[in-house]
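Asks: Based on these hints, arrange chain B with the ligand on the given structure of chain A.
Those protein sequence lines, which keep their order, are chains A and B.
What the first sequence shows, in the UniProt record's numbering, is residues 1 to 92, in sequence order.
What the second sequence shows, in the UniProt record's numbering, is residues 1 to 986, in sequence order.
Do not rely on the hints blindly, as some may be mistaken.
Stated by the list, open to error - Computed from the model, here is a short list of chain B residues facing chain A with C-beta under 8 Å:
| hint | residue |
| --- | --- |
| 1 | Val210 |
| 2 | Gly214 |
| 3 | Gly244 |
| 4 | Asp247 |
| 5 | Glu250 |
| 6 | Ser677 |
| 7 | Phe728 |
| 8 | Val732 |
| 9 | Leu733 |
| 10 | Asp738 |
| 11 | Asp873 |
| 12 | Val878 |
| 13 | Leu879 |
Stated by the list, open to error - Cβ-Cβ distance ranges computed for the label pairs, FRET-style:
| hint | chain 1 | residue 1 | chain 2 | residue 2 | range |
| --- | --- | --- | --- | --- | --- |
| 14 | B | His587 | A | Ala59 | 13 to 21 Å |
| 15 | A | Glu54 | B | Gly953 | 48 to 56 Å |
| 16 | A | Ala17 | B | Ile744 | 14 to 22 Å |
| 17 | B | Asp738 | A | Tyr7 | 15 to 23 Å |
| 18 | A | Ala81 | B | Asn922 | 33 to 41 Å |
| 19 | B | Asp630 | A | Ala59 | 36 to 44 Å |
| 20 | A | Glu76 | B | Arg866 | 46 to 54 Å |
Unchecked claim - Calculated Cβ distances over 12 Å to all of chain A for the following chain B residues:
| hint | residue |
| --- | --- |
| 21 | Val257 |
| 22 | Gly608 |
| 23 | Glu633 |
| 24 | Gly694 |
| 25 | Ala763 |
Quick caveat, the hints were computed from the structure, so don't treat them as lab data.
All C-beta atoms, glycine included, are put in the ideal place defined by N, C-alpha and C.
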Amino acid sequence: MRIPCPYCGSRDAHEFAYLGDATLTRPDPAASDAAEAFHAYAYLRENPEGAHREYWYHANGCRRWLVVTRNTRTHEILGVAFARPSTDEVPA
Amino acid sequence: MTRLSTGGLIDRSRTLSFTFDGVAYTGHPGDTLASALLANGVRLVGRSFKYHRPRGIFTCGSEEPNALVELRTGARKEPNTRATTVELFDGLVAQSQNRWPSLEHDALSVNQWLTPFLGAGFYYKTFMWPASFWEKVYEPTIRRAAGLGAASELVDPDTYEKAFAFCDVLVIGSGATGLAAALAAARSGARVILADEDFRLGGRLLTENVAIDGAPARDFVARAEAELSSLPNVRLMPRTTVFGAYDGSEYACVERVSDHVAVPAAFQPRQRLWRIIAKRAILATGAFDRPIVFPGNDRPGVMTAQALATYAQRFGVGAGANAAVFTNNDAGVAAALAAANAGLTLEAVIDVRDALPSPLAAKAKALGVRVITGGEVIATKGKRLSAITVRTKSGTQTLAVEALGISGGATPNLNLTCHLGGKPVYREDIAAFVPGAVPPGMSCAGAVAGQFSLSDCLNAGTEQGAAAAADAGFARAAAPAPKAEETPTGIRAFWQVKAKGDLAFVDLQNDVSAKDVGIAHKEGFRAVELLKRYTTMGMATDQGKNSNMAGLALMAELTGQGIAATGTTVFRPPYTPVALGVLAGHHREKDFRPTRPTPTHAWAEGQGAVFVETGFWLRAAYFPKPGEKDWLESVNREVKATRESVGVIDVSTFGKIDLQGPDVGTFLDRVYINMFSTLQVGKARYGVMLREDGLVMDDGTTARLADTHYVMTTTTANAGKVFQHLEFCLQVLWPELDVQLASISEQWAQIAVSGPRSREVLAKLVDGHDVSNAGLPFMGVAQTTVLGGIEARIFRLSFSGELGYEIAVPARQGERLMETIMEAGRPFGITPYGTETLGVLRIEKGHVSGSELNGQTTARDLGLGRMASTKKDYIGRVLSQRPAFQDPARPIFVGFKPVDKAQRLRAGAHLLTVGAQATTHNDEGYVTSVAYSPTLGHFIGLGFLKRGLERIGEQVRAYDPVRGSDILVEVCSPAFVDPEGEKQRV
Ligand SMILES: [Zn+2]
Numbered sequence: 001m002r003i004p005c006p007y008c009g010s011r012d013a014h015e016f017a018y019l020g021d022a023t024l025t026r027p028d029p030a031a032s033d034a035a036e037a038f039h040a041y042a043y044l045r046e047n048p049e050g051a052h053r054e055y056w057y058h059a060n061g062c063r064r065w066l067v068v069t070r071n072t073r074t075h076e077i078l079g080v081a082f083a084r085p086s087t088d089e090v091p092a
Numbered sequence: 001m002t003r004l005s006t007g008g009l010i011d012r013s014r015t016l017s018f019t020f021d022g023v024a025y026t027g028h029p030g031d032t033l034a035s036a037l038l039a040n041g042v043r044l045v046g047r048s049f050k051y052h053r054p055r056g057i058f059t060c061g062s063e064e065p066n067a068l069v070e071l072r073t074g075a076r077k078e079p080n081t082r083a084t085t086v087e088l089f090d091g092l093v094a095q096s097q098n099r100w101p102s103l104e105h106d107a108l109s110v111n112q113w114l115t116p117f118l119g120a121g122f123y124y125k126t127f128m129w130p131a132s133f134w135e136k137v138y139e140p141t142i143r144r145a146a147g148l149g150a151a152s153e154l155v156d157p158d159t160y161e162k163a164f165a166f167c168d169v170l171v172i173g174s175g176a177t178g179l180a181a182a183l184a185a186a187r188s189g190a191r192v193i194l195a196d197e198d199f200r201l202g203g204r205l206l207t208e209n210v211a212i213d214g215a216p217a218r219d220f221v222a223r224a225e226a227e228l229s230s231l232p233n234v235r236l237m238p239r240t241t242v243f244g245a246y247d248g249s250e251y252a253c254v255e256r257v258s259d260h261v262a263v264p265a266a267f268q269p270r271q272r273l274w275r276i277i278a279k280r281a282i283l284a285t286g287a288f289d290r291p292i293v294f295p296g297n298d299r300p301g302v303m304t305a306q307a308l309a310t311y312a313q314r315f316g317v318g319a320g321a322n323a324a325v326f327t328n329n330d331a332g333v334a335a336a337l338a339a340a341n342a343g344l345t346l347e348a349v350i351d352v353r354d355a356l357p358s359p360l361a362a363k364a365k366a367l368g369v370r371v372i373t374g375g376e377v378i379a380t381k382g383k384r385l386s387a388i389t390v391r392t393k394s395g396t397q398t399l400a401v402e403a404l405g406i407s408g409g410a411t412p413n414l415n416l417t418c419h420l421g422g423k424p425v426y427r428e429d430i431a432a433f434v435p436g437a438v439p440p441g442m443s444c445a446g447a448v449a450g451q452f453s454l455s456d457c458l459n460a461g462t463e464q465g466a467a468a469a470a471d472a473g474f475a476r477a478a479a480p481a482p483k484a485e486e487t488p489t490g491i492r493a494f495w496q497v498k499a500k501g502d503l504a505f506v507d508l509q510n511d512v513s514a515k516d517v518g519i520a521h522k523e524g525f526r527a528v529e530l531l532k533r534y535t536t537m538g539m540a541t542d543q544g545k546n547s548n549m550a551g552l553a554l555m556a557e558l559t560g561q562g563i564a565a566t567g568t569t570v571f572r573p574p575y576t577p578v579a580l581g582v583l584a585g586h587h588r589e590k591d592f593r594p595t596r597p598t599p600t601h602a603w604a605e606g607q608g609a610v611f612v613e614t615g616f617w618l619r620a621a622y623f624p625k626p627g628e629k630d631w632l633e634s635v636n637r638e639v640k641a642t643r644e645s646v647g648v649i650d651v652s653t654f655g656k657i658d659l660q661g662p663d664v665g666t667f668l669d670r671v672y673i674n675m676f677s678t679l680q681v682g683k684a685r686y687g688v689m690l691r692e693d694g695l696v697m698d699d700g701t702t703a704r705l706a707d708t709h710y711v712m713t714t715t716t717a718n719a720g721k722v723f724q725h726l727e728f729c730l731q732v733l734w735p736e737l738d739v740q741l742a743s744i745s746e747q748w749a750q751i752a753v754s755g756p757r758s759r760e761v762l763a764k765l766v767d768g769h770d771v772s773n774a775g776l777p778f779m780g781v782a783q784t785t786v787l788g789g790i791e792a793r794i795f796r797l798s799f800s801g802e803l804g805y806e807i808a809v810p811a812r813q814g815e816r817l818m819e820t821i822m823e824a825g826r827p828f829g830i831t832p833y834g835t836e837t838l839g840v841l842r843i844e845k846g847h848v849s850g851s852e853l854n855g856q857t858t859a860r861d862l863g864l865g866r867m868a869s870t871k872k873d874y875i876g877r878v879l880s881q882r883p884a885f886q887d888p889a890r891p892i893f894v895g896f897k898p899v900d901k902a903q904r905l906r907a908g909a910h911l912l913t914v915g916a917q918a919t920t921h922n923d924e925g926y927v928t929s930v931a932y933s934p935t936l937g938h939f940i941g942l943g944f945l946k947r948g949l950e951r952i953g954e955q956v957r958a959y960d961p962v963r964g965s966d967i968l969v970e971v972c973s974p975a976f977v978d979p980e981g982e983k984q985r986v
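So here's chain A without its partners, still in its complex pose:
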């Protein structure tokens, strides 16, 4: 499998580390239901068929955390973006 890193280009999947579901948001630790919310955040995962947004870390490359949209049936990579929504620029 190959992942097109927005910084490094198309790279072998072995260069990346996988974390999982990128649709989760770390809950508010001050909220009254924080215990429940963190339980869901740490443990509960969907196992969707089809497009799935997930975190990959380009460990043997640019060290960027990426959000990769992958089809879980075909492993087709539908999109890749930096996880950090910032002013990061890819040098020309």
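Replies: Quick look at chain B with the ligand alone, frame taken from chain A:
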């Protein structure tokens, strides 16, 4: 000798010597082992898997079920090698397999009289009871009787490589279709790789008597190869099997770099594993000639018609003194005529059809070949084939022949199309499965796609090659497809001759007969996947390349549901067997994974250190001195010297992370359970970080070098994991924080000097920095220079519990620093120590380490719960407060000492209340770390015990059934030495 007088793509001017079962033979360059054996009249080459029936060469390629040999000798011996794909070389040594005492007289051939008991499902039926017999009786017996070759069990002396390649168009297969596709793609300028498992390009064109562009097909092959070789954008890869299709248009291949020579040339690998990333791939793998099921169809001398023709045309070999061909299709007849054209004596072509198409009939007539239409072969004779019985409407007749070519039609070689889940589709009109869905970027052309006529193959190859290049962004080349005549492709679906007599085999490699398919049907194992597993049809090295079609056709007939509905089993990688050695590549023995030496490695070697692997690192374990009788004596000396005077150890392996930016303090507060924003510049603090689930991830000290500059240490094992975690926190959780991270583990050498005399040693190293207790207090950090101007960071830390310092210098200065420390410490008898003593010192002091930070322990379990700040949130805080993690009965960190001080404690022992039965239910905890304490004179241990803190002084049982130890221990504080921590603060 059955070498034909002329012809063949062999170099008759040169002779190669080889042996088979100890008998010397000769062949020529261009031969395979199989063709050379046949040329020498060797027809019996193996015994069958279950019944030990005599078997011969059945095919001319990688689908061979019978002719499996042990190739070479000694450490290079390779079992189950297909003689049909082994390129002959001078000095080749081959042995037949699965026979005893000899191929000619096999004692176990009596197995065939046991046929009724060895049929489908015999494993399941015969060896069920009693269960204890399986390991001792059944399995060893079966393994001796049924089986293939034996591995050498010696270390492989050859090397293997891995490589990547990238191309626009990968063409798999170099027959007519593949060559046409490669030419069309290459002419457009695309980067083309053409791979073929054979050592010669051309595929079926090397066998057929056909003309392309008005010249013999072999001339076309030669011209195509010359043109492709001349193009810089083309890489030709003969001897390369594409064995798997993977996600992302990636193809795995084995290149047999040196399999065709006795010993690889200097610096050449035996084989090379390629991963080819291709924008587009064209599958041009052709089709197999499949057998027909009839009684005695396994006799040596029976082979596919295609093989018969190939041995005659390509190798100039007659598979027997004379031959017949039995077929149901035009390609089978054409193969027979090609063999006759090459000079093989062809007695008859037997076709199940009532008439041949007129062009073929005319060609047969011109060659004087007798054609028996409406005929079937119903029996064979001879240990080596000597005669066949043919049945027609008018009766039966016997033909004396030494070889019989059979052709039941073409089975497209579509294995690779299934690797990502594609399901083949049955086409009634050609009686064959063709590719269904194919992997993204792949297209199929030629015979693999059911296009069996040569002109169709050339047109499809040209068209697909140009289209693939266009997809990859190259302009189509204008050249037209090579021209060839239309070859006849007629077929009448025909799978099995209905006749009584000898066993009629479906799967030669696994000795599965038509009768076994019937048993599977009768007993309900009717789905193809069940049929495969119950009868073992389609297993082992050939994976049913020959047998699948006939097997499922027979089942389809029995169930009456038709072939399309019956379907075929799933093809998975690898296409042909792949040696584990080439998958491992260089990753073996010491090269299994990288070795990271510490900056003082060479120095430690000079000191006679014994090394140990810790993760990727190679660290000194201890430094034996002459006269010491074992490692424990060395370690005891090292511990004693450190506690009484001064010791030194390289601690560069700890992970070191540089953090800079205005928000580092805030960031550290969020990843550690304790506060770091309040840490003073010039101070270090011990920190614990959790995973989000509330369990401890790692620990270490972090120092503040400047207002916006910290340096963190992690454990050796978790350096990479922590760094990745911090990057996640910064990039994903809190992108608003202005913090930059860099791993500096490799950039700094760090050496710990410990013991009451360590300050005196340090004083001699620094360039005037005040190292007094006031000038550099406990947990203080100095940024200064040592050894006359070398940049240094000095941390006053203590893992040992003694007064101690860790001195960090740029990595290249590490060895010089160590040597200077040794010189400075000489008056105090400074003693280098390794990981063993490091462990003893920390266990005596009760510090936690990797054995305690085992992914199942919380900060509270470790006795570090009070460090957790209540003034802030941090990773893992919420879930660390779960009721289960606060349960007072949870095992908690304590120390243990044997009640009988002479007894040895064992790490891994489980803890039980005295008198309680040793059951899981009664388990109260476990011992994690153990050492012999030279300071106390007995074994000590650390571990976790339920309500441990309340049980100090209590005796519990340390039970270790694995190593047969069961002793009484007393629960105590984990700090065995200097519990008040006074020594490190002096
Ligand atoms: Zn990258």
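Asks: Compare the structure with each hint and give your call.
Replies: Hint by hint, here is what the structure shows:
Taking 8 Å as the C-beta contact cut-off toward chain A, the hint placing Val210/B at the interface is violated, the least distance being around 40 Å. A least Cβ separation of about 45 Å between Gly214/B and chain A goes past the 8 Å threshold, and the interface hint is therefore violated. Among the interface hints, the one on Gly244/B is violated; its C-beta lies about 13 Å from the nearest C-beta in chain A, farther than the 8 Å criterion. Below 8 Å, beta-carbon pairs count as interface contacts, and Asp247/B has one with chain A at about 4 Å; its hint therefore holds.
Because the smallest distance between the Cβ of Glu250/B and any Cβ of chain A comes to about 7 Å, under 8 Å, the interface hint for this residue holds. A distance limit of 8 Å between C-beta atoms decides the matter here; for Ser677/B the minimum to chain A is near 17 Å, and the interface restraint is violated. Contact between Phe728/B and chain A, as hinted, is supported at the beta carbon level, the nearest pair being about 6 Å apart and thus within 8 Å. For Val732/B, the shortest C-beta to C-beta distance to chain A is roughly 5 Å, which falls under 8 Å, so the interface hint holds.
For the restraint placing Leu733/B at the interface with chain A, the shortest Cβ-Cβ distance is roughly 6 Å, inside the 8 Å limit, so the hint holds. This hint is violated: Asp738/B has a C-beta 11 Å from the nearest C-beta of chain A, more than the 8 Å allowed. Annotation: interface hint on Asp873/B holds; nearest CB of chain A at approximately 4 Å, less than 8 Å. At a threshold of 8 Å, the smallest CB-CB gap from Val878/B to chain A is about 4 Å, leaving the interface hint in force.
Hint status for Leu879/B: holds, given a least beta-carbon distance of 5 Å to chain A, under 8 Å. Remark: the range hint 13 to 21 Å for His587/B to Ala59/A is upheld by a beta-carbon distance near 19 Å. Taken as a hint, the range 48 to 56 Å holds for the pair Glu54/A and Gly953/B, whose Cβ atoms sit roughly 52 Å apart. A beta carbon spacing of about 21 Å between Ala17/A and Ile744/B agrees with the range 14 to 22 Å that was offered as a hint.
For Asp738/B and Tyr7/A, the Cβ-Cβ distance of about 20 Å falls inside the hinted range of 15 to 23 Å, so the restraint holds. At roughly 54 Å, the beta-carbon separation of Ala81/A and Asn922/B lies outside the given 33 to 41 Å, and the hint is violated. Between Asp630/B and Ala59/A the beta carbons are some 41 Å apart, a value that agrees with the proposed interval 36 to 44 Å. Roughly 51 Å separates the CB atoms of Glu76/A and Arg866/B, a value that falls within the hinted 46 to 54 Å.
Even its closest Cβ contact with chain A, about 23 Å, leaves Val257/B beyond 12 Å, as expected for a residue assigned away from the interface. The claim that Gly608/B is not at the interface with chain A holds, since no C-beta of that chain comes within 12 Å of its own (minimum 36 Å). No beta-carbon of chain A comes within 12 Å of the beta-carbon of Glu633/B; the shortest separation is about 43 Å. Annotated as non-interface, Gly694/B brings its C-beta within 12 Å of a C-beta of chain A; the closest such distance is 8 Å.
Separation of Ala763/B from chain A is adequate, the least Cβ-Cβ distance of about 41 Å exceeding the 12 Å criterion.
Hints 1, 2, 3, 6, 10, 18 and 24, counting from the list given before, are not met by this structure.
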